[in-house]
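What follows is each chain in one-letter form.
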Amino acid sequence: MPPTLFGNQSAGFPAAGAEPVRIEYVAHQGLGGIAITNFLLNLITLSFYRFWAKTRVRRHIWSSVQINGEPVEYTGTGKELFFGFIVIMAVVFLPVALIGTGLAAYFGPESGAVIAFQLFIGLALVTLYGFAIYRARRYRLSRTVWRGIRGALPGSALSYSGKYFGSLLLSPMTLGWSTPAMNLILAQHITNDMRFGNTPFSFSGRSGPLYLRYALCWFGTIVAYFLIAAVGIALYYSGAFDGLQKVFASLADDSATSGNSKAGEGLAVIAGLLLAYLSYVALRSTIWSFYTARELNIFAQYTRFSGATFEFNATAWSLITLWLGNMALIIFTLGIAQPFVEQRIMRYFVERLSVHGAIDFASIQQSQAQLDRRGEGLIDALDLDAF
Amino acid sequence: MITPTNNAEFFDGASAMARLVHVRVQDGFLVISQTGAAALNWPLKDVEMVFGGKPGQALRLKRRGDHGSRLTLPEGSAADAVIAAAPSILSGHKRRFWKGVGISIAVVLGIGLAGYATLAVAPQALARFIPDDVVNSFADGLEKSVIKSSKRCDAPAGQDALNKIARRIVSGAGNPPTFSLRVFDIRQGSNKKKLVNAFALPGGRMVFSAGLIEKAGSADEVAGVLAHELGHVALRHPEAAIVRVYGMQMLLSLFTAGQGADSIGSIAGILAVLQYSRTAESEADAYAVEVMEKAQVDPKGLRTFFAKLLQKKMGTGTAKKKSEENASLQKRIEPFTDLFSTHPGTDERIARLKPRAGGTQPAILSAAEWRALKAICN
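These protein sequence lines are chains A and B, in that order. First residue of the first sequence? That's 1 in this note's numbering, and the numbers climb one at a time after it. First residue of the second sequence? That's 1 in this note's numbering, and the numbers climb one at a time after it.
Hints in this document: simulated from the structure, not taken from any laboratory. Treat the numbers as computed from the prediction; the structure is a model and nothing was measured. Virtual Cβ for every residue (Gly too), placed ideally from N, Cα, C. Worth double-checking, as some hints may not be accurate.
What the hints assert, rightly or not - Examples of chain B residues lying across from chain A (beta carbon under 7 angstroms, computed):
id	residue
1	Phe11
2	Phe51
3	Ser69
4	Arg70
Let the hints inform the model, and build the full structure from the sequences given.
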């Protein structure tokens with residue numbers, strides 16, 4: 001925001017009774033026990049405990065977030081998530097299963113009708129992604145209570161879904177160059193619909209400031225691709241590949257009865273390609289962390305609530321270490337530590353967010369948006385649940 | 001009037017404004033008094049803990065069913081008094097936990113039951129409702145995978161003899177289903193061993209292997225097998241297998257969001273479930289015995305034939321087990337090695353097939369007709 005003669009107006013003239021906002025993450029004990037019991041119960045219930053498991057984790061993590069000393073409360077229940085799942089099963093997936101089974105029975109399992117139907121369903125499910133994301137956000141906001149006031153997202157999930165689908169279509173058509181603009185449109189849409197109580201958040205800004213970083217990352221990715229290809233080819237001709245081949249040939253010798261250099265060669269090719277691919281993915285993720293950090297910071301700048309502005313301090317390296325730590329937690333605990341991954345993410349966002357200006361909380365009234373009785377069925381079924 | 005406070009903080013659920021209130025416990029109620037407003041009375045039995053309750057934590061409370069009001073009691077006498085008056089509020093989260101565990105376990109058991117119904121009960125009930133063309137399209141596919149490129153054995157005199165046996169068996173059935181009966185020279189494996197088996201495919205298509213005719217010692221034995229397969233047809237066991245396979249596929253596709261579960265609906269999947277349960281086999285046996293008695297055919301024929309095959313199975317048991325272990329997936333879903341692999345529970349069933357009491361039976365085939373049947377493949 002360009003500086004004005006009067007400075008930041010809302011911050012300059014706080015309303016009477018407005019308070020500055022301090023948000024912090026105050027970890028408390030109990031998450032380890034939740035992680036272990038959730039894991040065991042998910043195991044014995046064939047994952048049907050997941051709705052209650054998620055709820056326990058959220059209750060814990062939400063309550064660790066304190067705004068001006070008052071913890072945030074998660075009021076959702078496992079039952080609501082479970083009913084959300086049941087309804088989506090009954091309304092979307094049961095009919096799909098019935099029709100698919102009927103078509104397979106009537107026209108044969110490998111018939112054109114079945115393939116066409118599966119393609120259609122695949123596409124139809126993609127159009128539901130945005131819908132699922134919006135509805136899940138609505139459920140979570142409506143179950144997030146602070147000082148007795150809950151959040152809300154009373155807008156239309158359908159119009160968000162349309163924009164989201166548009167962004168999915170545009171991305172490959174523009175080789176990715178639509179991403180900053182479309183991400184901005186989506187963030188703008190959902191932030192402008194967000195409420196705390198009866199008070200809206202607002203979001204405005206242009207995608208222009210994102211494009212320099214985007215261009216650097218985009219060309220960086222191409223350079224990374226050719227770099228890895230070049231390094232691979234150089235290694236191949238320098239003889240390093242022969243060494244790899246020998247290693248695999250000797251491994252094949254150990255396991256098989258007859259020495260087989262062909263098997264060694266095949267394995268070495270696969271290992272070499274895998275190594276190249278993994279280094280490409282690692283390099284690409286590293287490069288795009290720079291863009292993600294920029295986007296997070298800019299989108300926070302564009303956001304307003306009542307008299308307050310937001311500042312987010314994401315950096316590429318902090319995102320990379322967050323991600324690497326999460327991967328390590330998941331891999332080395334076989335997924336048991338999933339709640340700690342969620343805690344790390346929440347902590348990252350809370351600790352790097354600062355709120356400037358002051359908010360007159362006494363003037364914020366309770367949300368009149370209707371409370372859904374169930375939640376998140378679609379996002380669970382589509383497996384889009386990132387957080 | 002100014003109300004004294006004990007530093008309890010109250011949010012009324014209407015605005016985010018914090019109010020300092022005074023809290024006390026009285027006659028089973030939590031009484032919340034505030035300046036300039038009427039005191040609130042929360043019945044203690046409706047008070048729930050949001051969190052807290054541990055040393056160093058404030059006690060945060062809400063009233064059940066109230067989405068907004070929240071009361072925070074700092075550590076101290078007021079919080080202690082509330083806990084003393086209603087200690088159960090500290091264990092509310094435990095109740096919630098066990099409720100979740102209970103519901104999720106009930107759901108798994110319920111799904112298990114539904115799965116059982118889909119696989120064991122519903123198919124038989126739904127079997128009669130499958131449209132004819134669906135049944136036929138399945139029968140075509142199954143027939144192809146059973147017969148492959150086997151030679152049809154239909155020497156006219158042999159087929160006549162077979163039809164004669166069929167007519168005799170049908171004469172004993174009160175309400176016989178329509179069916180066709182054909183013989184194929186089905187062979188299996190790399191050594192082209194003759195298969196000894198009989199199949200009841202959907203739509204009443206019965207297929208006997210040439211090996212079975214060869215192995216049979218008398219027309220009674222062939223009649224017995226025919227009566228048994230007729231039992232499967234009459235009781236719609238093949239059609240039930242179709243429903244079972246599609247029920248399984250549907251359950252699977254429900255849990256995989258409609259993708260990637262169509263493999264079971266393939267012919268191989270149906271072949272796998274065409275292995276009937278013991279119950280189905282016993283039903284077909286019972287049907288066969290009843291029909292044979294009415295048709296004046298000695299059930300001993302079925303018994304001796306089974307016994308003969310059982311001996312053969314015992315003789316090659318270990319070798320067969322070994323080869324089964326080595327078998328590929330493709331092999332495992334083609335389980336038609338002999339009559340027993342598809343017709344389980346033979347020992348007890350043989351014991352149950354008692355020779356017919358009293359009287360001699362009119363012969364089913366003449367010696368010449370029996371020879372013709374034996375030569376059906378020539």
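field: Hint validity - B:Ser69 Cβ closer than 7 angstroms to any chain A Cβ
entry: The hint holds - B:Ser69 has a Cβ within 7 angstroms of chain A, the shortest such distance being about 6 angstroms.
message: For the restraint on B:Phe11, tell me whether the closest CB of chain A is nearer than 7 angstroms.
response: holds (3 angstroms)
- request: So, B:Arg70 near chain A? Judge it on the closest CB pair being under 7 angstroms.
  value: Given a least distance of 4 angstroms, the restraint on B:Arg70 holds.
- prompt: Holds or violated: is there a CB of chain A closer than 7 angstroms to the CB of B:Phe51?
  reply: holds (5 angstroms)
Hint compliance for this structure: every hint is met.
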